[in-house]
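Protein chains in written order, with the numbering used here: chain U, 1 to 260; chain W, 1001 to 1338.
Treat the hints as calculated values from the structure; they're not laboratory data. Heads up, a few of these hints could be off.
[Said to hold, decoys possible] Label pairs and their in silico Cβ distance ranges:
1. W:Q1135 - U:T24: 37 to 43 Å
2. W:V1029 - U:F172: 16 to 22 Å
3. U:W171 - W:N1039: 17 to 23 Å
4. W:F1033 - U:L127: 52 to 58 Å
5. U:R23 - W:Q1155: 15 to 21 Å
6. W:F1033 - U:F206: 32 to 38 Å
7. W:P1132 - U:A235: 40 to 46 Å
8. W:R1203 - U:V207: 55 to 61 Å
9. W:P1132 - U:R249: 26 to 32 Å
10. W:L1026 - U:L127: 58 to 64 Å
11. U:F206 - W:N1062: 48 to 54 Å
12. U:V207 - W:H1031: 31 to 37 Å
13. W:H1154 - U:F172: 39 to 45 Å
No experiment lies behind these values; they were computed from the predicted model shown. We put the CB at the ideal spot given by N, CA and C, even for glycine.
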Amino acid sequence: MQRYLTVMRLFWSTSLAAEMEYRTNFALAAVVSLGNMVGSVFALYLLFSTGYLPGGWKFEQAMLVLGFFTLMNAFANAVLRVNLSRIVQHVQDGTLDFILLKPIDSQFWLSTRNFSAWGLPNVAYGLIVLMWAGRALDLNVSQYAMAILPLVLGLIVLYSAWFTLGATSIWFVEVHNVTHVLHALLEAGRYPLTAYPVIYQFFFTFVVPVAFMTTVPAWVMMGEHAVTWVAGGAAFAFGAFVFSRIFWRFALRYYTSASS
Amino acid sequence: MLTMPVIECQQLSKRFRVGVKEPGFLKTVRHFFHRRYRNVDAVKDVCFAIDEGEFVGFLGPNGAGKTTTLKMLTGLIHPTAGSVRVVDHTPYQRRHEFLRQITLVMGQKQQLIWDLPAMDSLRINAAVYRVPDDQFKQRVDELSDMLNLEHLLHQPVRKLSLGERMKMELMAALLHQPRVLFLDEPTLGLDINAQAAVRAFLRQYNQRYNATVLMTSHYMADITALCKRVIVIHEGTLIHDGGLDELLERMAPHREVTIEFEREVTAERLAAFAEVESVNAESATLLVRRDELTRTLDRLLDELPVVDLTVTDPPVEKIIGQLFAGGSVSSPQVTSDT
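Build out the structure end to end from the sequences listed, making use of the hints.
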């Protein structure tokens, strides 16, 4: 365990160092994320300005969801995208061989090798939105603290889904298109789940479980359905993570028996 | 004392299933809906054993099954049949204890981080292989001294020359002091000086640590400089396992006789003595069977206006080239000293 933490620290410090070689990229990322953020807030504002309450959500509550969505995006940009889109590259270039010959878990290596500073501005924006909405809703520190666990569970679900899709690049080299689809579907997490028709609610809870990433932490923060959803989220996260590991092992067995 | 071989494979075979597709649009559509497959035997019944400290050359033309064999030995792919043991492990289980004792260097692929100094990649490898700090320092000093890289450790990898980068790759691959080295074309694309430097390093490493090395290379100079023993495979089958000299003897039954004449001699006239390789006005090169060498030389000196005459072995490249071009391979005869 200690070794894995050391390796991850080295992974992330080296990839940050590599990225720092290109400073303007970081500044650009900050500006782009800010633009996205302002756009989302404006869209929500328009939606609510007529007095309409989608799914019974108030504007400030919907802003909580947006805050969690922004944090999720930060995680996706800082860790998921930069790592999991490279699995394809490793398969194509044959450099996956180097990773498989390292005495370290290959899923760990592929998932944590890179870290991108591009996601960091979104962490700041997400936190600002959460603070603002929390103040407007009069939330206290312990309510913030309670949201951490469901948020982490949501990120585990997201990671597992993304990694599983990335692992299919062992068979389908053009798999990066699939992650685009996934990313587009995640956009649904921008808005409160119950604002959608029931059939979509089902889809975004069980098929593409966006609900666990943004709506559930917001609910828990507001003290609604807390225990049920956290328990459900934990079960889902555990299942998804275990599945991603089993699936990777299965994919590797294919790789090692069929590749030349 | 009887010791266990470090690398041992028996009846090692690998069969791939590949899709068969004929050219043409309709055939492509048909292939899309209805796949037909055929089996390709990339490696067939290969047996050999390598002892601790041996430096063995692994030869064969492109597509002979070298890389497939190396991948089975390192555990990257499962054999279809047969058995393989390396440092007393079954490679494809890829146990960490096994992986810590081997390394694979691929001349055409790199593992170092492009934008950062090699030192950063080395630190990561040290953490992954659990090399303690003091040993890390000592090994980096030692290897960078052997490879003459001390001044380059802190430069971004992208700024290194191809030769420097290859040496750096070797350093990253050897930091954990593996017992077994699998080298796939380690000198590919390097200039003569860099090749010589890598060769000298490998020899020194092999001697200093008694490491076992299996190396493929298309540069015969690598093989002649480093390997007493060579394993040759062709179309997936082992066709030679033994000394490099024996291989040359067997594969090159001819010697090259270069002659200078007083005046021009025609090719037709020379053809009566031996196979003519080249004629150039007043000089010529003949290929003479070893068993007829003395008799032919006598005749040449007697019957032609010879000024000077030298007898040499054909260059190794040429022999190996002939070997892979087909010809001599048609009657495979396996010689094994294991």
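Original post:
Among all the numbered hints in the text so far, which are the ones the structure does not match?
Top reply: none
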